[in-house]
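S.K.: Sequence:
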Amino acid sequence: MIEILKKQLFNSSLILTAVLLIPLLGLFVFATFYEPALFASLSFGLLIGIFLLFPLRSRYINLQAEAELKAQDIRERINLLNVEIHHEELAIKSFQDKIVNFSQLKGMIEKLSQCLYLEDTIKTLSAEVGKLFQTQDKTIILYLFHSKTGDLGISSSKKGQMRVNLKSKRGDIFDKWVVKTMQPLLITDTKSDYRFDADKTSGQNVRLIRSLISVPLMVGDKALGILRIDNVEPNKFTVEDLRFLTTVGDIGAVSIENAQLYERVEQLAIRDSLTSLYLRRYLMERFPEEISRQIRHGGELSLLMMDLDYFKQYNDKFGHVAGDILLRTMGLMLQEFFNKPGNLVCRYGGEEFAVLLPDCSKAQAVKLAEEAAVQIAQQSILLRREKTHITVSVGVASFPKDGQNPHELIHRADQALYNAKETGRNKVSVA
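Counting in this note's numbering, the sequence shown runs from 6 upward without gaps.
Incorrect hints may appear among the rest.
Claimed, not checked - Taking lysine-lysine and the DSS-like style, the derived pairs with C-alpha atoms no more than 25 Å apart in a straight line are:
#1 K164 <-> K128
#2 K116 <-> K163
#3 K181 <-> K164
Stated by the list, open to error - Across the chosen pairs, the derived CB separations fall in these ranges:
#4 R301 <-> G135: 49 to 59 Å
#5 H302 <-> K196: 33 to 43 Å
#6 G347 <-> L266: 18 to 28 Å
#7 N424 <-> D156: 19 to 29 Å
#8 Q101 <-> A72: 26 to 36 Å
#9 M167 <-> P346: 20 to 30 Å
These are calculated hints, taken from the structure and not from any lab test.
Quick caveat: nothing in here was measured; it's all calculated off a predicted structure.
Just so it is clear, CB atoms sit at the ideal spot from N, CA and C, and this is done for glycine as well.
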C-alpha cells in the first residue's frame, strides 16, 4: 500500500517539476540566443534549483504518503466503530426483547400459580403460549403422558381461539423424535430436513406443517409431556424462539406437576383407598349443593343406601382378605352401573354404600336399585378358589317427598334399608 502511494505521489511530483522546468528552459533558450552574458548565470541558477528541488520533492512525497495512510487508518477505524455500533444496537434490541419476554413470563407465572387443577393449568398454559408467540397460522399442541399407561396423548390443540381436531392422537414423527431423544426440536422447513422422511411429512391425509418448535416437558428426570408450536409456512421459528419455548416449557412443566399432585392429594382425601369410591365426607359436602340445585330448577333427587348381606359370614369363612376382595368388587360394580355423569357413589362405612342420584325421581331410583341388585347377585366372585355370590339390601329415599335436607334423607333411606334387611334381605325397600 505504501509503495503504491509513493509511486502515485512520485508521478504527481514529476508533473510539478515539469511545470516548473519548462518556463526555465524557455528562459534559458532566450538567454542563449539573445543575452549570452546571462547564460552562465542562468545555468548556475538552474543547477542549484534542480539540486534543491529534488530533496523537497522527496520530502513532499513522504509527507503525502503518511497523510494518506493516516486518512486510510481513520476510515478503517470509523468502519470498525460503525460495525461495533451496529452490534451494540442489535444487543440492545435483543436485551429489550428479553425484558419484554421476561415481563410476559412473569404474567404467565402469576396466572399459572392461581390454577389448582390440571384442566385449568392446561387451558392457561395454552392461552399464554399463544400470546407469547404471535406468528400467524400457528397451532399449539400440548401432549401429556397418561399417569397409568404412560402413553402420550393430546391434552390441548388450538389454532388461534379454535380447537383443532388432530388425527394423530398420540403424536406424529416429530413428537416421537422428541419423546425418544428428550431434546428440543427446531425445524425451519420440513421438506428439507434430512432427519425426517419427507413422504411421511406431507400428503393428503397429513396436516400441513412446514416449520415447528417442540420441547419436552421435564421436571428433573421425569417426563410429563411435550409442548409444540407448528406453522403452515417455512422459516417461522428461530433458535431464539426454541430457547424461549424451552423456558416456557420448564415453567409449564412445574405447574402441570403441581396440579397433578394437588389432584392426587385431593383424591386421597375424598376417596376410599380400598374401593376407590368417594368417602362419606365428600358425600356430605356434595349433598347440600345438589339439593340447592334441585330447588333452583324444581327437580328431584334420590338416595340409595346399600348394605352387603351376610358380610360378616364371608369374613369369618374366607378371612378379611376375602372380605376386602368383596368390598373392592362391589365398588367396581357400583361405579360401572351408576356411571351417569353427576351420579355419586361412595363407601358410607364398613360394608355400607350410598349412591346419590341427581335429577332422578323415586320411581326411577327404585328401578335402578332393583336392576343393580339383580346384576350384583348374578356376578360370580372367586374366593379361595371357590365361586360365590353376594346380594345387597337397598333403601330408597327421595327429595323433596321424603326430606328437605341431607340428614332427613339419609335417615329415611337408612330406615328403608333396615326394613329391607328385617324382611328377608336381597330386596329394595322404599321410604
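S.K.: Do the alpha carbons of K181 and K164 lie within 25 Å of each other, as the hint requires?
M.R.: Holds, at roughly 21 Å.
S.K.: When you check the alpha-carbon spacing of K164 and K128, does it fall within 25 Å?
M.R.: holds, 13 Å
S.K.: Is it true that N424 and D156 lie within 19 to 29 Å of each other by Cβ?
M.R.: With Cβ atoms ~49 Å apart, the hint is violated.
S.K.: If I claimed the Cβ atoms of H302 and K196 lie 33 to 43 Å apart, would that claim hold in this structure?
M.R.: The hinted range 33 to 43 Å is violated for H302 and K196, with Cβ atoms some 57 Å apart.
S.K.: CB of Q101 to CB of A72, is that within 26 to 36 Å?
M.R.: violated, 43 Å
S.K.: Does the Cβ distance between R301 and G135 fall inside 49 to 59 Å?
M.R.: For R301 and G135 the Cβ distance comes to about 36 Å; the hint is violated.
S.K.: Hey, K116 versus K163, does the alpha-carbon distance stay inside 25 Å?
M.R.: Since the Cα atoms of K116 and K163 sit roughly 19 Å apart, the hinted pair holds (cutoff 25 Å).
S.K.: Verify the CB-CB distance for G347 and L266 against the hinted window 18 to 28 Å.
M.R.: For G347 and L266 the Cβ distance comes to about 27 Å; the hint holds.
S.K.: Within 20 to 30 Å: is that where the Cβ-Cβ distance between M167 and P346 falls?
M.R.: Distance hint for M167, P346 holds at roughly 25 Å.
Of the hints listed earlier, those the structure fails to meet are numbers 4, 5, 7 and 8, in rising order.
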